[in-house]
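Number of protein chains: 2
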Amino acid sequence: MRKRRNGGRPTIADVAARAGVSSITVSRALRDPARVSEELRRQIDEAVRALDYVPDQHARALASARTNIIGVIIPSLTNNVFADVLRGIYDNVAESPFQVQLGNSRYSPIEEERLLGTFLSQRPAALIVAGIDQTERGRALLNAAGCPVVQIMDLSDEPVDMMVGFSHKAGGHLVTSHLVAAGYRRIGFLGARMDPRTQRRLEGYRAALVEADLYDPRRITTTPASSSVSLGRDLLRDLLARMPDTDAIFCNNDDLAVGALFECQRAALAVPADMGIAGFNDLEMMEAAYPPLTSVRTPRYEIGRRAIEMVRASLAGQRPAQTRIDVGFELKVRASTMRGD
Amino acid sequence: MRKRRNGGRPTIADVAARAGVSSITVSRALRDPARVSEELRRQIDEAVRALDYVPDQHARALASARTNIIGVIIPSLTNNVFADVLRGIYDNVAESPFQVQLGNSRYSPIEEERLLGTFLSQRPAALIVAGIDQTERGRALLNAAGCPVVQIMDLSDEPVDMMVGFSHKAGGHLVTSHLVAAGYRRIGFLGARMDPRTQRRLEGYRAALVEADLYDPRRITTTPASSSVSLGRDLLRDLLARMPDTDAIFCNNDDLAVGALFECQRAALAVPADMGIAGFNDLEMMEAAYPPLTSVRTPRYEIGRRAIEMVRASLAGQRPAQTRIDVGFELKVRASTMRGD
DNA sequence: GCTTGCGATGACAGCGCTACCATTAGTCAT
DNA sequence: ATGACTAATGGTAGCGCTGTCATCGCAAGC
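Protein chains in written order, with our numbering: chain E, 1 to 341; chain H, 1 to 341.
Hint data in this document are derived by calculation from the structure and do not stem from the laboratory.
Heads up, some of the hints might be wrong.
Derived contacts from chain H toward chain E, CB cut-off under 8 Å, selection only [as the list claims (entries may be wrong)]:
1. Ser121
2. Val258
3. Gln265
We put the CB at the ideal spot given by N, CA and C, even for glycine.
Kindly produce the complete structure, drawing on both the sequences and the hints.
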């Protein structure tokens with residue numbers, strides 16, 4: 001009797017023996033049933049079930065120099081925005097033979113580059129990375145990846161391969177223009193983290209205010225700290241200390257907007273009369289706040305879903321017609337910016 | 001010249017040739033440097049660097065029937081509670097040779113069982129699972145896993161292997177007793193999802209109110225829907241429609257508490273005078289709310305950190321002295337339950 | 001009837017690594 | 001000096017699967 005190191009799990013040879021065929025036929029029946037006659041296929045299926053056979057992924061990967069791992073690199077685990085994207089990814093991978101390998105770059109391009117190296121050394125089936133702001137070497141790694149690559153959350157004119165996202169600058173511009181149209185004139189900006197996407201939203205803000213001839217850089221309040229509700233409170237407090245006549249704020253994150261709302265309540269500033277508040281992303285809580293908060297709804301789950309869709313199509317040999325998808329966004333105007341004048 | 005399927009990556013044989021040793025010595029030098037003489041070790045290190053050699057994980061796994069994958073199964077990606085736990089896990093795995101494989105059971109024990117099967121078929125180095133409420137077969141799988149297993153987030157007297165968590169019932173009891181002590185007499189319960197941990201918090205609530213002779217099951221409002229801020233608003237509205245004299249609520253999640261706060265503002269109910277509000281978990285936003293919201297702080301990051309710590313100790317052959325760790329919790333009393341009477 | 005082509009199946013040789021055992025040289029007690 | 005042991009290194013044989021080529025019928029075409 002042969003000694004087994006694998007804890008008694010059946011191998012493809014066991015299935016083959018039971019089905020009365022060679023192991024390579026079992027391998028084919030499993031990977032591409034059409035290449036095996038119907039009768040053998042039935043016998044093999046029976047044997048697989050009877051033995052409770054599960055293919056060994058490592059052996060498969062070693063022999064074929066291919067895996068079923070989709071690497072996903074995102075900058076944050078705690079940011080709800082990415083949680084929704086991940087849900088879109090995991091939900092749509094669940095029924096497939098693929099597995100997700102998740103990496104957290106913590107908003108550091110260096111860390112992202114390191115993760116890319118680690119992931120690529122495992123020959124992933126595909127790679128999904130958040131953002132378009134890789135380091136030079138990171139981009140080189142992606143270009144040489146030899147597998148489908150999807151950049152998500154943002155848009156640029158030079159995708160490494162495929163891309164699903166929306167324009168953050170346009171989003172920032174839209175919401176800021178809305179504040180102007182609503183009658184606000186001294187509009188501030190609250191920004192946390194200041195990662196590249198945040199920067200682009202700020203650019204949109206700036207462009208909209210320059211157009212309206214209302215731009216005043218002193219109303220921009222940012223911090224490298226990561227976004228949170230308490231930070232929204234603190235940033236608004238800072239801004240009002242410096243520029244007490246500010247009459248509206250665009251918060252680059254919904255967390256900040258909620259924090260700012262609480263700070264207004266604390267300072268007895270009426271929203272939207274004394275202070276207009278708008279956020280970005282439209283997390284679920286925005287609509288439930290009192291007053292409900294204006295925000296830019298971004299289709300985050302959809303981004304995850306589409307990314308997996310593109311990956312699966314590519315791997316099935318059907319490269320999607322559109323390799324650069326703009327999923328857009330939608331301004332949700334709510335009471336927090338409806339000034340009654 | 002031999003054909004390579006691996007895209008030209010150097011193998012252990014290349015390193016061995018360059019260092020002038022056999023490949024098995026390279027293998028040893030990499031895995032357990034102490035078993036190789038210092039001189040060879042130096043030469044091998046040099047060769048590894050020169051060739052930019054990265055071991056093939058799949059070949060390693062196949063040959064050794066072991067991997068460096070730590071499987072983690074959690075019930076939700078969007079719940080901030082688990083995001084913090086994940087952060088604790090990922091942060092503490094980053095510097096190790098281990099990799100995390102994440103599974104999302106979506107609060108379904110069946111799905112969890114399926115994931116356990118998938119993960120175990122890959123012979124993980126260790127498994128971390130949320131909760132103690134596995135299916136019978138899931139528990140059997142864990143018992144037979146043949147690797148360290150850590151159950152997290154909860155406590156029981158029968159760990160499969162190791163355990164890091166706290167008592168949800170005690171947490172629910174503590175916060176409810178606090179409401180009683182603060183002078184509230186008609187205390188409601190808002191609960192979403194009603195997963196096992198939520199159920200235990202409800203048990204704590206019930207026990208505390210029975211002790212105080214204030215228990216009235218009609219004040220319990222629950223839903224299987226998943227927790228959210230808008231749900232907190234809706235549940236409180238329901239509760240007040242049925243039991244308008246309710247003077248305080250324990251919300252089984254902070255989301256619900258924030259939603260309830262907004263609903264009080266909408267209904268012009270003063271917090272804490274007309275309505276006391278307490279949550280659970282103490283997410284960051286609780287302290288920033290107006291008024292700041294009472295909650296039970298749970299050490300979520302710490303749970304992730306300790307789980308990895310236990311796993312790494314076990315795998316290093318140093319089984320931790322304590323295999324069942326109660327990380328406790330802390331009641332954060334804030335203005336939302338400080339009635340001035 | 002014989003070639004040609006094609007679909008279905010199998011034999012065999014690895015993929016890159018490690019378990020296992022063998023070998024060698026050196027150390028120590030007797 | 002001998003055997004017994006240890007530390008350092010190597011040789012060999014797989015781990016479980018798939019790529020590649022070979023083989024075998026069998027139908028179609030001349």
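A quick look at each hint next to the structure:
The criterion of a C-beta within 8 Å of any C-beta in chain E is met by Ser121(H), whose closest approach is roughly 4 Å, and the hint holds. Residue-level restraint check for Val258(H) holds (minimum Cβ-Cβ distance to chain E is 7 Å; threshold 8 Å). Evaluation of the Gln265(H) hint against chain E yields a held restraint, the C-beta minimum of about 4 Å falling below 8 Å.
Hint compliance for this structure: no hint is broken.
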